[in-house]
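**Student:** For reference, the chains in residue letters:
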Amino acid sequence: MPVQLTMPRLSDTMEAGTIVRWNVKEGDVVSSGDVVADIETDKATMEMPVYDDGVISKIMVEAGKQVPVGTPIAIITVEGDEAGSAATVAAAPVAVAAMSVPSNNAPAQTAVPAQSASVSPPSVQFDAIRQRVSPLARRMADEMGISVSSIVGSGPGGRVVKQDVLKEAERLKSGGARPMALVHVASPSQSSTAVVPIGAGASEVMLSGMRQAIARRLVESKSNIPHYQVTMRFNMDPLLELRTMLNVQLEPQGIKLSVNDFIVRACALAMTAHPFFNASWAGDRIILHGDVNIGVAISLPMERGGGLVVAVLTQAQRKGLREISTETRALAEKARTRGLGPEDMTGATFTISNLGMFGVDNFTAIINPPNSAILACGAAVEQPVVRNHQLVVGHEMQATLSLDHRVIDGAMASEYLQTVKHNIENPATLLV
Amino acid sequence: MSIATMREIEFRDAVREAMSEEMRKDMRVMLIGEEVAQYNGAYKVSRGMLDEFGPRRVIDTPISESGFAGMAIGAAMMGLRPIVEFMSWSFSLVAADPILNNAPKMLYMSGGQFGCPIVFRGNDGAGGQLGSTHSWSIEGLFSNVPGMKMVIPSNPYDAKGLMKTAIRDDDPVFFLESERLLSMRGEVPEEEYLIPFGQARIARPGTDCTIVAFGRMVNICLEVALELEKEGISSEILDMRTIRPLDAASIIRSVKRTGACVVVDQSWSFGSPGSEVAALVHRECFDDLDNYVHRVHSADVPAPYAHNLEQEYLPNARRIAEAVRSCLYRS
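Chains R and G, in that order, are what the protein sequence lines are. Residue numbering for the first sequence follows my numbering, beginning at 8 and increasing consecutively. Residue numbering for the second sequence follows my numbering, beginning at 28 and increasing consecutively.
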């Protein structure tokens, strides 16, 4: 029987994982407990053990690729299986026998210890993915509106028990801090609104799945990532001038470039010189992603339930303004009408949030994990500016980078913004 | 019940009073067994009864449990209401065919033609260094049989009220006393009272853990509860009084409040009242449980003779306390 290995779900919130490294190649003999790959999730990089003895007959997803949870990534041919090649099948019995000498490599011990303080020990164990919760604790948590995934259980095997729920309720009531070890994050329902007297016309809005996901991810991000912000002003006159010209010329083709399209291009191009802005913190290392997949935050209309999605423009460093514009428009249209699929929303390596169209001058954004940075853009505002020692009227835009200080230091952030600024203020660089 | 009518009597006196009162009321009631008449009972439960009721209603038998149990069952089928004393329930095993295979099934197998209103009573559980064959706790084995009722009182008051109900009941009732409880003194009113079957008593109210027990174990649990109280654990002890019928509602109500359940049952664990209660609680209180039902039973070995081993074999205060702490994740 061939055994298919699929991308495991290593956390509640994990939608996709990246194979950081394969420790085996096709034809290698593996036995139960062997760590065959390192998988990077939005939280950490974890080892992936196998539970079968056999031969790796096919690796279907190469290292560095991110695939959704459940995607087949490799096939193990187990002894006696006809699916493998003649050579590997012949090799298997001997080698498997050689490796099946009793060792301490029991499956239970294949789970790796936490790689960093940001990951709780239970959550990295494959057999502990299903959180253990006593029935009473689960019911109490439901009734209190507490997410059990936010609790580290004190019972056997990390089981969440009544006293853990009571402690969590107490903690939430007092607004206390969560213990360091926690990886899971408070659900939005943990607010302390209960203490506010209910006024006339008050009502409650039940949380949509999206609202819960936004809350979970952002609390997780803001709690775990040491954020800081750096703001810079850009002279937007050259870009606006170029944009007007291009849009006039491209109108017959139905192309209308937005300011944001230029910013996406400017940021993506800047990555070549600044790879750490296109990176992820992975506990014991930093992963530089190479391809620049830019997430663009899109707000959804209230008739679609409101909320926010991040559409992903893959390999943005290779795309011209026309392509960026067309794709972004298509994604935004899809998001606002049919809704985006997981394939449209996963894999962002850097995110841009733009509130310029709403007349916002400046704001800060929360990093979209596992990104290391997010750029928050305000409007290109017509205002008095100083150019060449002269007070004139011009357009300026403020953009604020939020950064993960574990990955990026302040000076690096300034240098990156300098490059982006150069790209924006010299927009010809964005064309060729 | 006014205090003035209360007096303290022994467990054995309570049982005798129940039997005597019913015999005075109902000519069909009789007592039969080894040494129940002239010797006043091997454990003096039937003291004075021969004198009062005479040899036709208080009957000494040879050492022949199968014979006198079978005879009494026949009498019950024909309209009498016999009370059969086994010196020890351990000895009833030789009468297994009449008491398990005939009495509980009679009503069913005769299509309702013959009932079997009979009480089997005697000492159950380890009496203290009586060895493997004389230390049976038969509740696990016998309660398995449909058609019977099983009563296991923990104190004189309950013993009297339950015995009277047992004698008046139209089905075979297995009434389990304990050699270790016969001298226990307790308040029993002079007025007549009956305790219905299938109604557990809250022997001690509490909030943290429900302890389900019956018979002698209830008293040990009460001692344990005092110790646990010092650790801040509030135990609610349910004295089940009857195993069949079992007061499931009281167990469920209590466990739904406490979220934790420990069953203390001196019979062996495999297929026992304890396992039945655990199954019940897991089914009915699944979403209320903070931990699985913990069970304290006699060890899964024949009862040892040596005193120290026997003490460890039986559910004891230490093992019960450990089970409660473990159930509450306090160990």
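One or more hints might be untrue.
No farther apart than 25 Å at their CA atoms in a straight line, the calculated lysine to any residue pairs in the SDA-like style are these [what the hints assert, rightly or not]: (1) R:Lys174 to G:Ser261; (2) R:Lys174 to G:Ser353; (3) G:Lys283 to R:Val85; (4) G:Lys283 to R:Glu150; (5) G:Lys283 to R:Pro142; (6) G:Lys283 to R:Gln138; (7) G:Lys257 to R:Gln170; (8) R:Lys174 to G:Glu256; (9) R:Lys180 to G:Tyr356; (10) G:Lys283 to R:Asp149; (11) R:Lys180 to G:Asp315; (12) R:Lys174 to G:Phe118; (13) G:Lys283 to R:Ser161; (14) G:Lys283 to R:Gly162; (15) R:Lys263 to G:Met104; (16) R:Lys174 to G:Glu217; (17) G:Lys283 to R:Lys32; (18) R:Lys32 to G:Asp315; (19) R:Lys174 to G:Tyr319; (20) R:Lys174 to G:Gly233; (21) R:Lys32 to R:Val85; (22) G:Lys283 to R:Gln170; (23) R:Lys174 to G:Lys52; (24) G:Lys52 to G:Glu250; (25) R:Lys174 to G:Ser358; (26) G:Lys283 to R:Glu177.
Here are the computed distance ranges between Cβ atoms for each label pair [as the list claims (entries may be wrong)]: (27) R:Pro79 to G:Ala306: 36 to 44 Å; (28) R:Asp149 to G:Arg51: 41 to 49 Å; (29) G:Lys257 to R:Met213: 44 to 52 Å; (30) G:Ala306 to R:Gly77: 55 to 63 Å; (31) R:Gly152 to G:Lys283: 45 to 53 Å; (32) R:Gly152 to G:Thr32: 52 to 60 Å; (33) R:Asp149 to G:Pro173: 35 to 43 Å; (34) R:Asp149 to G:Lys257: 28 to 36 Å; (35) R:Lys229 to G:Gly225: 34 to 42 Å; (36) G:Arg357 to R:Lys229: 34 to 42 Å; (37) R:Gly152 to G:Ala306: 28 to 36 Å; (38) G:Ala306 to R:Arg145: 19 to 27 Å; (39) G:Gln226 to R:Arg145: 42 to 50 Å.
In short, the hints are calculated from the structure, not lab data. Ideal placement from N, C-alpha and C gives every residue a C-beta, glycine not left out.
**Student:** Now tell me if each hint is right for this structure.
**Tutor:** Each hint, compared with the structure:
Simply put, Lys174 of chain R and Ser261 of chain G have alpha-carbon atoms about 19 Å apart, close enough for the 25 Å limit, and the pair holds. The hinted pair formed by Lys174 of chain R and Ser353 of chain G meets the criterion: a straight-line CA distance of about 19 Å does not exceed 25 Å. A threshold of 25 Å between alpha carbons decides the hint, and for Lys283 of chain G with Val85 of chain R the separation of about 49 Å lies outside it, so the pair is violated. Only pairs whose Cα atoms come within 25 Å are accepted, and Lys283 of chain G paired with Glu150 of chain R is accepted, the gap being roughly 15 Å.
For the hint linking Lys283 of chain G to Pro142 of chain R, the alpha-carbon distance of about 12 Å falls within 25 Å, and the restraint holds. Taken as a hint, the Lys283 of chain G and Gln138 of chain R pair is honoured in the structure, with Cα atoms around 23 Å apart against an allowance of 25 Å. Note on Lys257 of chain G and Gln170 of chain R: the hinted pairing holds, with a Cα-Cα distance of about 19 Å set against a maximum of 25 Å. Simply put, Lys174 of chain R and Glu256 of chain G have alpha-carbon atoms about 22 Å apart, close enough for the 25 Å limit, and the pair holds.
For the proposed pair Lys180 of chain R and Tyr356 of chain G, the alpha carbon gap of about 24 Å is at most 25 Å, so the pair holds. At roughly 16 Å between alpha-carbon atoms, Lys283 of chain G and Asp149 of chain R fall within 25 Å of each other, so this suggested pair holds. In summary, the hint linking Lys180 of chain R to Asp315 of chain G is supported, as the alpha carbons are separated by about 23 Å, within the 25 Å threshold. Annotation: proposed proximity of Lys174 of chain R to Phe118 of chain G is violated, straight-line Cα distance about 54 Å (limit 25 Å).
Proximity of Lys283 of chain G to Ser161 of chain R is assessed by CA-CA distance (about 22 Å); at most 25 Å being required, the pair is judged to hold. Between Lys283 of chain G and Gly162 of chain R the CA atoms are separated by roughly 20 Å; this keeps the pair inside 25 Å, and the hint holds. Of the pairs offered as hints, the one joining Lys263 of chain R and Met104 of chain G is violated, with about 101 Å between alpha carbons and a cut-off of 25 Å exceeded. As the CA atoms of Lys174 of chain R and Glu217 of chain G are separated by approximately 52 Å, the hinted pair breaks the 25 Å bound.
Distance check on the hinted pair: Lys283 of chain G and Lys32 of chain R sit about 55 Å apart at the alpha-carbon level, beyond 25 Å; violated. For the proposed pair Lys32 of chain R and Asp315 of chain G, the alpha carbon gap of about 50 Å is over 25 Å, so the pair is violated. For the given pair, Lys174 of chain R sits about 21 Å from Tyr319 of chain G by alpha-carbon distance, which is consistent with the 25 Å threshold. This hinted pair checks out: Lys174 of chain R and Gly233 of chain G have alpha carbons roughly 22 Å apart, not beyond 25 Å.
Pair hint Lys32 of chain R plus Val85 of chain R holds up; C-alpha atoms about 16 Å apart against a cutoff of 25 Å. Proposed proximity of Lys283 of chain G and Gln170 of chain R is supported: the alpha carbons are some 16 Å apart, at most 25 Å. Pair hint Lys174 of chain R plus Lys52 of chain G does not hold up; C-alpha atoms about 61 Å apart against a cutoff of 25 Å. This hinted pair does not check out: Lys52 of chain G and Glu250 of chain G have alpha carbons roughly 38 Å apart, beyond 25 Å.
Under the criterion of a C-alpha separation no larger than 25 Å, the hint pairing Lys174 of chain R with Ser358 of chain G is consistent with the structure, at around 18 Å. Between Lys283 of chain G and Glu177 of chain R the alpha-carbon distance is near 22 Å, which keeps this suggested pair within the 25 Å criterion. Judged by the Cβ atoms, the range 36 to 44 Å given for Pro79 of chain R and Ala306 of chain G holds: they are separated by roughly 42 Å. Between Asp149 of chain R and Arg51 of chain G the beta carbon distance is about 59 Å. The supplied range of 41 to 49 Å is therefore violated.
A beta carbon spacing of about 46 Å between Lys257 of chain G and Met213 of chain R agrees with the range 44 to 52 Å that was offered as a hint. For Ala306 of chain G and Gly77 of chain R, the Cβ-Cβ distance of about 37 Å falls outside the hinted range of 55 to 63 Å, so the restraint is violated. The hint said 45 to 53 Å for the Cβ distance between Gly152 of chain R and Lys283 of chain G, and at roughly 21 Å that hint is violated. Between Gly152 of chain R and Thr32 of chain G, the C-beta spacing of about 55 Å keeps the proposed range 52 to 60 Å intact.
Checked against the given bound of 35 to 43 Å, the beta carbons of Asp149 of chain R and Pro173 of chain G, roughly 39 Å apart, stay inside it. Between Asp149 of chain R and Lys257 of chain G, the C-beta spacing of about 34 Å keeps the proposed range 28 to 36 Å intact. The hinted window of 34 to 42 Å between Lys229 of chain R and Gly225 of chain G is violated, with their beta carbons roughly 58 Å apart. As the Cβ distance of Arg357 of chain G to Lys229 of chain R is approximately 36 Å, the hint placing it in 34 to 42 Å holds.
At about 32 Å, the CB distance of Gly152 of chain R to Ala306 of chain G agrees with the hint of 28 to 36 Å. Between Ala306 of chain G and Arg145 of chain R the beta carbons are some 21 Å apart, a value that agrees with the proposed interval 19 to 27 Å. Restraint check, Gln226 of chain G to Arg145 of chain R: a C-beta distance of roughly 33 Å breaks the suggested window 42 to 50 Å.
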